[in-house]
Amino acid sequence: MSLNTLYRFFKSVRLAVVLLLVITVFSVLATLVPQGREEAFYQASYPVAVYRLVTVLHFDRFFSSILFLIPVFLFTLNLAVCTVDRFLRRARSRTPKRYGPDLVHIGLLLLILGSLASVLARQEKNFSVASGDEVTLSKTYSIKLLSMQFLRYENGSPKAWISTVRVFRNGNEEIPTFPIRVNHPLRLPGVAVYQTTWEDKGTLTLKDDQGNEAKGRPGQGLQDGESYWYFSDIIKDGEVLRAAFREYRGNEVVSTRMLATADRIGPYTVTRIESIPMSGLKAVNDPGYLLVIVAVIVLAAGLGLTYFQKKREEKP
Amino acid sequence: MIGMAVVALALIALSAVVQAVALLRKEPRLDPISHWLLGAASALLFATLLLRSIRIGFVAVTNTYESLVFFSAVICAILLALRLTAGKRPFSPLVAFGATIVCLALLMISSSPIAPKDIQPPIPALQSIWLVLHVTLAFIGESFFVVSFVAALTYLGTKSVDRRADMDRLMASSIGIGYPIFTAGALIFGAIWAETAWGRWWGWDPKETWALITWLLYTAFLHTRLVKKLRGRTTAVLALVGFVATVFTYFGVNFLLAGLHSYG
Numbered sequence: 582m583s584l585n586t587l588y589r590f591f592k593s594v595r596l597a598v599v600l601l602l603v604i605t606v607f608s609v610l611a612t613l614v615p616q617g618r619e620e621a622f623y624q625a626s627y628p629v630a631v632y633r634l635v636t637v638l639h640f641d642r643f644f645s646s647i648l649f650l651i652p653v654f655l656f657t658l659n660l661a662v663c664t665v666d667r668f669l670r671r672a673r674s675r676t677p678k679r680y681g682p683d684l685v686h687i688g689l690l691l692l693i694l695g696s697l698a699s700v701l702a703r704q705e706k707n708f709s710v711a712s713g714d715e716v717t718l719s720k721t722y723s724i725k726l727l728s729m730q731f732l733r734y735e736n737g738s739p740k741a742w743i744s745t746v747r748v749f750r751n752g753n754e755e756i757p758t759f760p761i762r763v764n765h766p767l768r769l770p771g772v773a774v775y776q777t778t779w780e781d782k783g784t785l786t787l788k789d790d791q792g793n794e795a796k797g798r799p800g801q802g803l804q805d806g807e808s809y810w811y812f813s814d815i816i817k818d819g820e821v822l823r824a825a826f827r828e829y830r831g832n833e834v835v836s837t838r839m840l841a842t843a844d845r846i847g848p849y850t851v852t853r854i855e856s857i858p859m860s861g862l863k864a865v866n867d868p869g870y871l872l873v874i875v876a877v878i879v880l881a882a883g884l885g886l887t888y889f890q891k892k893r894e895e896k897p
Numbered sequence: 003m004i005g006m007a008v009v010a011l012a013l014i015a016l017s018a019v020v021q022a023v024a025l026l027r028k029e030p031r032l033d034p035i036s037h038w039l040l041g042a043a044s045a046l047l048f049a050t051l052l053l054r055s056i057r058i059g060f061v062a063v064t065n066t067y068e069s070l071v072f073f074s075a076v077i078c079a080i081l082l083a084l085r086l087t088a089g090k091r092p093f094s095p096l097v098a099f100g101a102t103i104v105c106l107a108l109l110m111i112s113s114s115p116i117a118p119k120d121i122q123p124p125i126p127a128l129q130s131i132w133l134v135l136h137v138t139l140a141f142i143g144e145s146f147f148v149v150s151f152v153a154a155l156t157y158l159g160t161k162s163v164d165r166r167a168d169m170d171r172l173m174a175s176s177i178g179i180g181y182p183i184f185t186a187g188a189l190i191f192g193a194i195w196a197e198t199a200w201g202r203w204w205g206w207d208p209k210e211t212w213a214l215i216t217w218l219l220y221t222a223f224l225h226t227r228l229v230k231k232l233r234g235r236t237t238a239v240l241a242l243v244g245f246v247a248t249v250f251t252y253f254g255v256n257f258l259l260a261g262l263h264s265y266g
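Same order as they appear, the protein sequences are chains A and B.
Using the numbering used here, you'd call the opening residue of the first sequence number 582 and step up by one each time.
Using the numbering used here, you'd call the opening residue of the second sequence number 3 and step up by one each time.
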């Protein structure tokens with residue numbers, strides 16, 4: 582096959598339409614299959630033949646599978662050749678030049694490149710920090726959490742989670758305070774920090790009769806003869822913090838207790854109950870970020886230009 | 003506030019009746035009041051959203067009820083605008099009637115239990131100007147797709163060559179206007195909002211994937227029509243399928259597939 586034949590094949594709009602429809606049909610099928618679950622899930626959810634089809638064709642991770650990536654690759658190639666061909670034809674022709682669609686096509690190509698850079702090199706790190714904690718974001722930057730606020734509406738629903746941080750560059754203070762909120766990330770060169778979650782991390786300190794100290798978190802438990810005491814949660818009772826325990830005998834819950842400081846449970850006495858508010862933050866290093874921003878601007882400019890040029894041409 | 007939406011629903015229903023009577027009588031002229039009824043309904047629906055926005059201190063497009071009211075208000079406004087700007091070539095009464103019925107259906111769904119009307123202030127993730135642009139522009143684009151859908155149906159249901167030519171033109175122009183607005187709203191501003199809120203542009207959430215599917219179908223429509231110069235059944239069917247994808251993106255994904263966009 583000559584280079585000319587290949588060029589003609591890839592500049593075809595018919596090929597573009599066929600690939601668009603192929604990607605569409607595959608994407609529709611992929612949305613019918615829950616993505617990214619364990620293999621056991623698909624085995625349990627579908628008849629054997631469908632389960633085999635889903636796993637062999639990678640419909641369980643469709644958007645990173647060959648079945649999706651090959652049509653997308655061919656579409657990208659088709660789009661690139663079409664863009665060049667269209668641009669050259671426009672430049673040579675004497676008819677009014679409409680560069681809007683060219684900009685849209687270039688924007689889409691940049692978007693695909695940006696997405697590729699993002700998929701291949703994006704790094705993400707989740708961390709949970711308490712007031713006073715310091716976290717290293719990159720070789721250059723670190724942040725220290727100064728304070729946290731959890732604001733609620735009158736009906737109790739969350740209004741805002743605000744983590745106020747101090748930014749350090751190579752150990753020196755760069756930004757004294759910055760409030761990170763949902764939809765208001767901290768953006769630094771090479772890394773952005775997002776507010777993701779908010780939680781209260783409870784800690785219970787116990788002491789036995791010999792003076793030995795033990796610490797526990799919700800979800801843990803202790804054996805006391807035939808009983809197993811399961812530490813389920815820390816609950817605020819007015820101004821007092823209480824540790825909620827469930828007593829199990831075998832698989833049955835036989836009693837529940839709400840312990841305060843100085844109460845006894847099994848061989849232990851409760852010496853301290855703490856609830857530490859923790860802020861869940863996410864640091865993202867996305868090398869595709871700038872390319873995607875440029876792509877979005879070019880795409881928007883192309884759409885606008887196409888629209889206004891068409892309107893102008895329609896005028897008598 | 004619900005009262006205004008109910009009055010708007012009644013006005014749209016009345017407009018549909020007036021249009022139906024005119025269609026059945028095969029009157030040569032368009033009726034003089036149905037579009038004004040739609041205009042009044044649109045104003046009432048926008049007023050409903052304005053009052054809700056004042057109550058929650060944010061643009062009220064953050065749940066299914068509000069998005070349905072916005073969608074209906076925009077369709078009514080577009081129908082009024084198309085009628086007023088039609089000029090010498092009057093806007094097809096059949097298309098106006100079909101789009102009015104779609105609008106009526108949307109508003110009826112908004113008054114059903116599947117769209118709770120509680121006035122809730124937005125949770126932190128929804129407090130973003132990008133979300134407002136994402137939702138409003140996506141629905142404005144989709145409102146033009148409603149017109150193209152009815153035009154495609156009319157095209158496929160008629161044998162008149164003149165009417166087919168009119169419908170073909172209307173299909174293309176409504177998608178031509180709706181497509182860039184939908185692209186900007188559903189895809190571009192949606193991606194920017196996702197990046198600002200969660201640190202990722204795209205997550206292959208079912209709603210995102212279906213918005214992309216809708217966009218791909220209308221992209222295929224524009225390329226077959228504008229570049230390959232195809233006309234007729236193929237493009238009408240593509241416009242029809244595109245609208246089915248639009249409706250599924252809005253309702254089907256919410257009720258049949260799990261994802262992040264529970265509000266619509």
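Incorrect hints may have been included.
Said to hold, decoys possible - Here are the simulated DSBU-like pairs of lysine-lysine, each with C-alpha atoms no more than 35 Å apart in a straight line:
{"id": "1", "chain 1": "A", "residue 1": "K720", "chain 2": "A", "residue 2": "K863"}
{"id": "2", "chain 1": "B", "residue 1": "K231", "chain 2": "A", "residue 2": "K678"}
{"id": "3", "chain 1": "A", "residue 1": "K592", "chain 2": "A", "residue 2": "K796"}
{"id": "4", "chain 1": "A", "residue 1": "K720", "chain 2": "A", "residue 2": "K706"}
{"id": "5", "chain 1": "B", "residue 1": "K231", "chain 2": "B", "residue 2": "K28"}
{"id": "6", "chain 1": "A", "residue 1": "K892", "chain 2": "A", "residue 2": "K592"}
{"id": "7", "chain 1": "B", "residue 1": "K231", "chain 2": "B", "residue 2": "K161"}
{"id": "8", "chain 1": "A", "residue 1": "K720", "chain 2": "A", "residue 2": "K678"}
{"id": "9", "chain 1": "A", "residue 1": "K892", "chain 2": "A", "residue 2": "K678"}
{"id": "10", "chain 1": "B", "residue 1": "K161", "chain 2": "A", "residue 2": "K891"}
{"id": "11", "chain 1": "B", "residue 1": "K28", "chain 2": "A", "residue 2": "K892"}
{"id": "12", "chain 1": "B", "residue 1": "K161", "chain 2": "A", "residue 2": "K892"}
{"id": "13", "chain 1": "A", "residue 1": "K817", "chain 2": "A", "residue 2": "K796"}
{"id": "14", "chain 1": "B", "residue 1": "K231", "chain 2": "A", "residue 2": "K892"}
{"id": "15", "chain 1": "A", "residue 1": "K817", "chain 2": "A", "residue 2": "K725"}
{"id": "16", "chain 1": "B", "residue 1": "K231", "chain 2": "A", "residue 2": "K817"}
{"id": "17", "chain 1": "B", "residue 1": "K231", "chain 2": "A", "residue 2": "K592"}
{"id": "18", "chain 1": "A", "residue 1": "K678", "chain 2": "A", "residue 2": "K891"}
{"id": "19", "chain 1": "A", "residue 1": "K817", "chain 2": "A", "residue 2": "K788"}
{"id": "20", "chain 1": "A", "residue 1": "K725", "chain 2": "A", "residue 2": "K788"}
{"id": "21", "chain 1": "A", "residue 1": "K706", "chain 2": "A", "residue 2": "K592"}
{"id": "22", "chain 1": "B", "residue 1": "K119", "chain 2": "A", "residue 2": "K740"}
{"id": "23", "chain 1": "A", "residue 1": "K725", "chain 2": "A", "residue 2": "K891"}
{"id": "24", "chain 1": "A", "residue 1": "K782", "chain 2": "A", "residue 2": "K817"}
{"id": "25", "chain 1": "A", "residue 1": "K725", "chain 2": "A", "residue 2": "K706"}
{"id": "26", "chain 1": "A", "residue 1": "K891", "chain 2": "B", "residue 2": "K231"}
{"id": "27", "chain 1": "A", "residue 1": "K796", "chain 2": "A", "residue 2": "K782"}
Because the hints were derived from the structure by calculation, they are not lab data.
On a predicted model such as this, the values are computed, not experimentally measured, just so you know.
Going down the list of hints, with the structure as the test:
1. A:K720 / A:K863: holds (17 Å)
2. B:K231 / A:K678: Between K231 (chain B) and K678 (chain A) the Cα gap is close to 19 Å, so the pair holds against 35 Å.
3. A:K592 / A:K796: violated (68 Å)
4. A:K720 / A:K706: holds (14 Å)
5. B:K231 / B:K28: With a Cα-Cα distance of about 34 Å, the restraint between K231 (chain B) and K28 (chain B) holds, given a limit of 35 Å.
6. A:K892 / A:K592: holds (27 Å)
7. B:K231 / B:K161: Answer holds: K231 (chain B) to K161 (chain B) is near 21 Å, not above 35 Å.
8. A:K720 / A:K678: violated (49 Å)
9. A:K892 / A:K678: holds (14 Å)
10. B:K161 / A:K891: holds (30 Å)
11. B:K28 / A:K892: holds (34 Å)
12. B:K161 / A:K892: holds (30 Å)
13. A:K817 / A:K796: Status holds; Cα separation ~19 Å.
14. B:K231 / A:K892: Holds. K231 (chain B) to K892 (chain A) sits at ~19 Å (cutoff 35 Å).
15. A:K817 / A:K725: holds (28 Å)
16. B:K231 / A:K817: The given pair, whose Cα atoms are some 70 Å apart, is violated under the 35 Å limit.
17. B:K231 / A:K592: With Cα atoms ~16 Å apart, K231 (chain B) and K592 (chain A) stay inside 35 Å; holds.
18. A:K678 / A:K891: holds (11 Å)
19. A:K817 / A:K788: Holds, because 22 Å separates the two Cα atoms, which is no more than 35 Å.
20. A:K725 / A:K788: holds (33 Å)
21. A:K706 / A:K592: violated (42 Å)
22. B:K119 / A:K740: Given that 35 Å is the threshold and the Cα spacing comes to 20 Å, the pair holds.
23. A:K725 / A:K891: With Cα atoms ~53 Å apart, K725 (chain A) and K891 (chain A) exceed 35 Å; violated.
24. A:K782 / A:K817: The hint holds at about 13 Å.
25. A:K725 / A:K706: OK: K725 (chain A) and K706 (chain A) at ~16 Å, within 35 Å.
26. A:K891 / B:K231: holds (16 Å)
27. A:K796 / A:K782: holds (13 Å)
Hint violations for this structure: numbers 3, 8, 16, 21 and 23, all remaining hints satisfied.
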